[in-house]
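Asks: Each chain, written out:
There are 2 protein chains.
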Amino acid sequence: MNPYQAPLAEMKFLLDKVFDAPQTWASLPAIAENVDMDTAVAIMDEAEKISRELLHPINRSGDEQGVVHQDDKVITPDGYKEAYTQYAEGGWVGLCGEPELGGMGMPKMLGVLVDEMAYSACNAFTLYGSLTAGAALCINAHGSDELKQKYLPMMYSGEWSGAMDMTEPQAGSDLRGIRTKAVPLDDGSYSITGSKIFITGGDHDLTENVIHLVLAKLPDSNGISLFLVPKIKVDDSGALGDSNNVTVGSIEHKMGLKASSTCVMNYDDAQGYLIGKANRGLVCMFTMMNYERLAIGIQGLGTSQAAYQMAADYAKERVQGVAAGGSPTGATSDPIIVHGDVRRMLLNIRVLTEAGRALSVLTGQQLDIAKYGEGEAQAKASRYVGLLTPVAKAFLSDRGLDAAITAQQVFGGHGYIRETGIEQLVRDTRIAQIYEGTNGIQAIDFLGRKVTGDNLAALTEFVNECTAKLSTLSHADAAHKAKVTELLQQLILVASEINDKKLEKPAVINACAVDFLDAFGHVLYGYFWLLMSDAAVPHSDKEFAVQKRYLSDFYINKMLPKAEYHLAQVRAGEATIMDIPESLF
Amino acid sequence: MNPYQAPLAEMKFLLDKVFDAPQTWASLPAIAENVDMDTAVAIMDEAEKISRELLHPINRSGDEQGVVHQDDKVITPDGYKEAYTQYAEGGWVGLCGEPELGGMGMPKMLGVLVDEMAYSACNAFTLYGSLTAGAALCINAHGSDELKQKYLPMMYSGEWSGAMDMTEPQAGSDLRGIRTKAVPLDDGSYSITGSKIFITGGDHDLTENVIHLVLAKLPDSNGISLFLVPKIKVDDSGALGDSNNVTVGSIEHKMGLKASSTCVMNYDDAQGYLIGKANRGLVCMFTMMNYERLAIGIQGLGTSQAAYQMAADYAKERVQGVAAGGSPTGATSDPIIVHGDVRRMLLNIRVLTEAGRALSVLTGQQLDIAKYGEGEAQAKASRYVGLLTPVAKAFLSDRGLDAAITAQQVFGGHGYIRETGIEQLVRDTRIAQIYEGTNGIQAIDFLGRKVTGDNLAALTEFVNECTAKLSTLSHADAAHKAKVTELLQQLILVASEINDKKLEKPAVINACAVDFLDAFGHVLYGYFWLLMSDAAVPHSDKEFAVQKRYLSDFYINKMLPKAEYHLAQVRAGEATIMDIPESLF
Numbered sequence: 003m004n005p006y007q008a009p010l011a012e013m014k015f016l017l018d019k020v021f022d023a024p025q026t027w028a029s030l031p032a033i034a035e036n037v038d039m040d041t042a043v044a045i046m047d048e049a050e051k052i053s054r055e056l057l058h059p060i061n062r063s064g065d066e067q068g069v070v071h072q073d074d075k076v077i078t079p080d081g082y083k084e085a086y087t088q089y090a091e092g093g094w095v096g097l098c099g100e101p102e103l104g105g106m107g108m109p110k111m112l113g114v115l116v117d118e119m120a121y122s123a124c125n126a127f128t129l130y131g132s133l134t135a136g137a138a139l140c141i142n143a144h145g146s147d148e149l150k151q152k153y154l155p156m157m158y159s160g161e162w163s164g165a166m167d168m169t170e171p172q173a174g175s176d177l178r179g180i181r182t183k184a185v186p187l188d189d190g191s192y193s194i195t196g197s198k199i200f201i202t203g204g205d206h207d208l209t210e211n212v213i214h215l216v217l218a219k220l221p222d223s224n225g226i227s228l229f230l231v232p233k234i235k236v237d238d239s240g241a242l243g244d245s246n247n248v249t250v251g252s253i254e255h256k257m258g259l260k261a262s263s264t265c266v267m268n269y270d271d272a273q274g275y276l277i278g279k280a281n282r283g284l285v286c287m288f289t290m291m292n293y294e295r296l297a298i299g300i301q302g303l304g305t306s307q308a309a310y311q312m313a314a315d316y317a318k319e320r321v322q323g324v325a326a327g328g329s330p331t332g333a334t335s336d337p338i339i340v341h342g343d344v345r346r347m348l349l350n351i352r353v354l355t356e357a358g359r360a361l362s363v364l365t366g367q368q369l370d371i372a373k374y375g376e377g378e379a380q381a382k383a384s385r386y387v388g389l390l391t392p393v394a395k396a397f398l399s400d401r402g403l404d405a406a407i408t409a410q411q412v413f414g415g416h417g418y419i420r421e422t423g424i425e426q427l428v429r430d431t432r433i434a435q436i437y438e439g440t441n442g443i444q445a446i447d448f449l450g451r452k453v454t455g456d457n458l459a460a461l462t463e464f465v466n467e468c469t470a471k472l473s474t475l476s477h478a479d480a481a482h483k484a485k486v487t488e489l490l491q492q493l494i495l496v497a498s499e500i501n502d503k504k505l506e507k508p509a510v511i512n513a514c515a516v517d518f519l520d521a522f523g524h525v526l527y528g529y530f531w532l533l534m535s536d537a538a539v540p541h542s543d544k545e546f547a548v549q550k551r552y553l554s555d556f557y558i559n560k561m562l563p564k565a566e567y568h569l570a571q572v573r574a575g576e577a578t579i580m581d582i583p584e585s586l587f
Numbered sequence: 003m004n005p006y007q008a009p010l011a012e013m014k015f016l017l018d019k020v021f022d023a024p025q026t027w028a029s030l031p032a033i034a035e036n037v038d039m040d041t042a043v044a045i046m047d048e049a050e051k052i053s054r055e056l057l058h059p060i061n062r063s064g065d066e067q068g069v070v071h072q073d074d075k076v077i078t079p080d081g082y083k084e085a086y087t088q089y090a091e092g093g094w095v096g097l098c099g100e101p102e103l104g105g106m107g108m109p110k111m112l113g114v115l116v117d118e119m120a121y122s123a124c125n126a127f128t129l130y131g132s133l134t135a136g137a138a139l140c141i142n143a144h145g146s147d148e149l150k151q152k153y154l155p156m157m158y159s160g161e162w163s164g165a166m167d168m169t170e171p172q173a174g175s176d177l178r179g180i181r182t183k184a185v186p187l188d189d190g191s192y193s194i195t196g197s198k199i200f201i202t203g204g205d206h207d208l209t210e211n212v213i214h215l216v217l218a219k220l221p222d223s224n225g226i227s228l229f230l231v232p233k234i235k236v237d238d239s240g241a242l243g244d245s246n247n248v249t250v251g252s253i254e255h256k257m258g259l260k261a262s263s264t265c266v267m268n269y270d271d272a273q274g275y276l277i278g279k280a281n282r283g284l285v286c287m288f289t290m291m292n293y294e295r296l297a298i299g300i301q302g303l304g305t306s307q308a309a310y311q312m313a314a315d316y317a318k319e320r321v322q323g324v325a326a327g328g329s330p331t332g333a334t335s336d337p338i339i340v341h342g343d344v345r346r347m348l349l350n351i352r353v354l355t356e357a358g359r360a361l362s363v364l365t366g367q368q369l370d371i372a373k374y375g376e377g378e379a380q381a382k383a384s385r386y387v388g389l390l391t392p393v394a395k396a397f398l399s400d401r402g403l404d405a406a407i408t409a410q411q412v413f414g415g416h417g418y419i420r421e422t423g424i425e426q427l428v429r430d431t432r433i434a435q436i437y438e439g440t441n442g443i444q445a446i447d448f449l450g451r452k453v454t455g456d457n458l459a460a461l462t463e464f465v466n467e468c469t470a471k472l473s474t475l476s477h478a479d480a481a482h483k484a485k486v487t488e489l490l491q492q493l494i495l496v497a498s499e500i501n502d503k504k505l506e507k508p509a510v511i512n513a514c515a516v517d518f519l520d521a522f523g524h525v526l527y528g529y530f531w532l533l534m535s536d537a538a539v540p541h542s543d544k545e546f547a548v549q550k551r552y553l554s555d556f557y558i559n560k561m562l563p564k565a566e567y568h569l570a571q572v573r574a575g576e577a578t579i580m581d582i583p584e585s586l587f
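These protein sequences, in sequence, are chains P and Y. Count along the first sequence from 1, then add 2; that gives the number in the numbering used here. Count along the second sequence from 1, then add 2; that gives the number in the numbering used here.
Hints are computed from structural coordinates only; laboratory data are not their basis. There's no promise every hint is true.
When chains are identical, the list treats them as one kind, so a pair holds in a single copy or across two.
Straight-line alpha carbon distances no greater than 30 Å define the calculated DSSO-like cross-link-like pairs of lysine-lysine that follow [as the list claims (entries may be wrong)]:
id	residue 1	residue 2
1	K504	K382
2	K564	K503
3	K150	K485
4	K485	K544
5	K507	K544
6	K83	K150
7	K483	K507
8	K503	K51
9	K485	K560
10	K503	K318
11	K183	K19
12	K564	K483
13	K504	K560
14	K560	K507
15	K560	K471
16	K564	K504
17	K150	K382
18	K235	K83
19	K318	K504
20	K219	K318
21	K485	K503
22	K483	K560
23	K75	K150
24	K19	K560
25	K507	K318
Values in this document were obtained by computation on a predicted structure and should not be read as measured data.
Extracted from the complex, chain P is given alone in its bound form (with noise of 0.2 Å):
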């Protein structure tokens, strides 16, 4: 099996011709000092050597050997510390952290690309490094300087690793019900004690120190807060001192991600500092929550990427059967992608994925506008990273279990044998539909808050500028166009008369969020194949062009019509599933 090769020529399209990068950078100064796009295809060029020379090696023989919880330490696979340091050296976890606590400062439009790299080279090994990039996002927002000062550095280098402590076993989706408890301390600290579970990252020997990010419960306050608990204690000169308490009750055994550790965490009186506003925890949480929910979407693309490149690989060499009317070359037996059902699982695949690797350049461009910009431009960047944030976790990761499923299958019989690698993608991507909220929570908050919570505001906004956007494509088939701009039409429709039904019927949001969510990405996709396909028109590589125009078309004609069909489940409103009486599950 070849090695992953990052699709560089496909990232750099996307930044430079379909979203503009250089413009969009230009127009925030604190990322116009940090970077162009000389600097990110050099950024891009190295990233690819690392997730094909470091990460992608450690993969396969991570998911064999797994993660062990011994003498109440847990043991990463072998590779794994080496290639930690190697990577939080080379500045990859600090990329997008700011310049004066030791990041890189480079936007995440070129983040998202990086991270797809990663998770496509090893989902497992990556997490490690998103989760402590999120962990420093979240204390830079809400954090008091004296916490930034004294954790960041050291989280950008990659020296002290972050993990997210949400879930309890009673309290997964709703954390209202979490028992963690912080009592006050005289200096002004915290004692923290409950335990936490599902904690990824939550304790290895990668780092010399974990800083958790502990969601708990003040005295008699039903509010949630938030906590930055490290696992050793730090010094006021950032020196390490002792143990703090926190410590690893068992690590879970799980269907993939083998290499990544699942841990129970305990807090027994450790010692935690307040993040942000008492009683405001949730708040200052979800800024970690929305930069994992993108990381995880990515997780799922970067699976479909790199499911797409082995199953295409193994279609060109493996020989079984001759072409539909005779082989082309003459032979007995021809490479599988003669058939044209190889080639319908094949383009599936990379359909999904192209479009999918848009959405999250798209999204990354909005939170650096979000982050970086001012006035008007900023306010609607907020309002379009709410909207697609979602979206971009239950669509991306959807497509990504897809994808390997699909790949999966070109392998036929060999596809089910571990040794081929192309079972661990399936197992390794599932729980991405999974964690940090459920793709049926990601979709509730889209259709319940995103979309139905502003009376529309944000999706019509947005669907105007797609619109608005398409007429002015000047290479793009006009039938197609048209048919995109109907379908953008009929998601604003829909999601009307759902908010008119809604507060007769509450449970219309919950009953077809899942359905909606999937229509608007299927129809969002359709728009932006009509923006490459038009984009790679005047690209200097004829073959390029020719390519995204084929593909455009196997997705408008072929995939789109999913849209009609999510629509149609809509339409059907809830009643079908909340009549029928609970006995007769």
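Please arrange chain Y on chain P, whose structure you already have, making use of the hints.
Replies: What follows is chain Y alone, placed relative to chain P:
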């Protein structure tokens, strides 16, 4: 987690009320002398007990422990041998075998339900017996009387098991390239030499002999012949003799089905016996393969049912959040089954599983009439078996994976943990879409041979019969009947377009086959739902009829639109798939 409980009421309803087993059996004298509804119910009750008490308890432990290859022996997990002995002694392996050779002579229409229970309880265990029954069926259909008398009683009794040896590393979906050789010996037997891979149940410690059905080529022939090759030689008295030079090269390490042995088998001058005519081995093997294809569909169906039960139980127990519009009981947290999205997931699994069971029973019924019937009834049933078998294999196994993944989603984070058991269903059932001919191969067989191979004669006959049946239903919703009737006609129209196009564009079959099969499956399930909801109206249990009507409405309103999506894909044709140059993949 509750143990698996077979849905006996559903099963009896299908047999008795929907497909009128008593009338079918009365028309088949060879069956009528062995079974009536009372006998069938007694057998199902016993199968329910066996599946719950004997098979389900070794499902999780077998996955954890797996099969081991050690000192040239293949050792199954703890408890497998004891369970297999008890299962065989109960007569379950020979349930549908001929009474004069030690079988129980039961109809397949009942056998499919027993198979479903066993697969629900334990996928891996059930394969051993299923392959034995399939091999016995093939020997019975094509073997000499001597082979039948010598091998079948020991196989029906479960004392010897069976295996199907087709695949070689270079020859999977395309068997033309097999290299295993068969050289005639003076005594009329053959010397078999070669290697086979992916041999399910190729070796194990459950039985004292394994009877291999091996595809091989005679000298100077490109034709493929079928041979019976026992692991241990059997002398004229039926006693076991020397080793037959049939050895295990290795076992595969797989994504799932870890308690099912998947062997590389080596034949080194092993003694074999021709089954059927020389160079006609594929025809003979297809008797077994068609049997296994239905069985593997039922593996998917059994998984769907098990997944539904686990998810529904969990959804009624797990408390998280409150219902939209307020808790129905005034609680601060409700069981998650109050949430529309959780109900949507459960209903998706439920309606596809119940309709899938109808497909399984209908196919079993047609197999019985094809085997035991006479005249035109027999001939028509043979045509329907040809039509339905690839659909049952592919559509049931595809829905099996969907069901397992959806059920896992209901479990949230707990679904990713091995302990819960739901992730095992995903891993175990994934192979069902691949082995016994990938689902792509099934679809090409369906559209290329079964549908267009006779210029739509069998499809039209079947569709007309369904349409006529629909018109007789007095309780079903008129609009729903009209919708399904129209879609049945759409299937004919679309198939006709493909049929007209295939000479000019032969790739159209391969490129559109999967979508055509999926369209057919979704329409067929709509037909089944109307049959079931109609047949339930006079049911003595009024709640049963109410439930079927809810489920039927859900299916027609929410899932049937997917047929239109797949029809749109077929109509979009092969051009966008085939035109793109291979170099662009």
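Asks: Hint by hint, say whether it matches the structure.
Replies: Hints, verified against the model:
1. K504 <-> K382: Answer is within; shortest intra-copy Cα gap is 26 Å, inter-copy 52 Å.
2. K564 <-> K503: both (24 Å within a copy, 25 Å between copies)
3. K150 <-> K485: neither (50 Å within a copy, 63 Å between copies)
4. K485 <-> K544: Classified as within: same-chain Cα gap 26 Å, cross-chain 47 Å, threshold 30 Å.
5. K507 <-> K544: Answer is between; shortest inter-copy Cα gap is 28 Å, intra-copy 53 Å.
6. K83 <-> K150: Classified as within; 26 Å inside a copy, 62 Å across copies.
7. K483 <-> K507: Answer is between; shortest inter-copy Cα gap is 29 Å, intra-copy 35 Å.
8. K503 <-> K51: neither (52 Å within a copy, 48 Å between copies)
9. K485 <-> K560: both (13 Å within a copy, 23 Å between copies)
10. K503 <-> K318: For K503 and K318, only the inter-copy Cα distance (27 Å) is at most 30 Å; the intra-copy one is 52 Å.
11. K183 <-> K19: Neither: 51 Å inside a copy, 59 Å across copies.
12. K564 <-> K483: Cα proximity of K564 and K483: in one copy and across copies (17 Å, 24 Å).
13. K504 <-> K560: Between copies, since 19 Å is at most 30 Å while 33 Å is not.
14. K560 <-> K507: For K560 and K507, the Cα distance is within 30 Å only across copies (18 Å; inside one copy 35 Å).
15. K560 <-> K471: within (23 Å within a copy, 33 Å between copies)
16. K564 <-> K504: Intra 25 Å, inter 26 Å, cutoff 30 Å: intra and inter.
17. K150 <-> K382: The answer is within: 28 Å in one copy meets 30 Å, while 78 Å across copies does not.
18. K235 <-> K83: within (22 Å within a copy, 55 Å between copies)
19. K318 <-> K504: Cα proximity of K318 and K504: across copies only (25 Å, versus 51 Å in one copy).
20. K219 <-> K318: Between copies only: 28 Å across, 57 Å inside.
21. K485 <-> K503: Both: 27 Å inside a copy, 27 Å across copies.
22. K483 <-> K560: Both: 15 Å inside a chain and 28 Å across chains, each within 30 Å.
23. K75 <-> K150: Only inside one copy: K75 and K150 sit 28 Å apart there, 61 Å across copies, limit 30 Å.
24. K19 <-> K560: Result: close within a single copy only, 26 Å intra versus 40 Å inter.
25. K507 <-> K318: Classified as between: cross-chain Cα gap 22 Å, same-chain 53 Å, threshold 30 Å.
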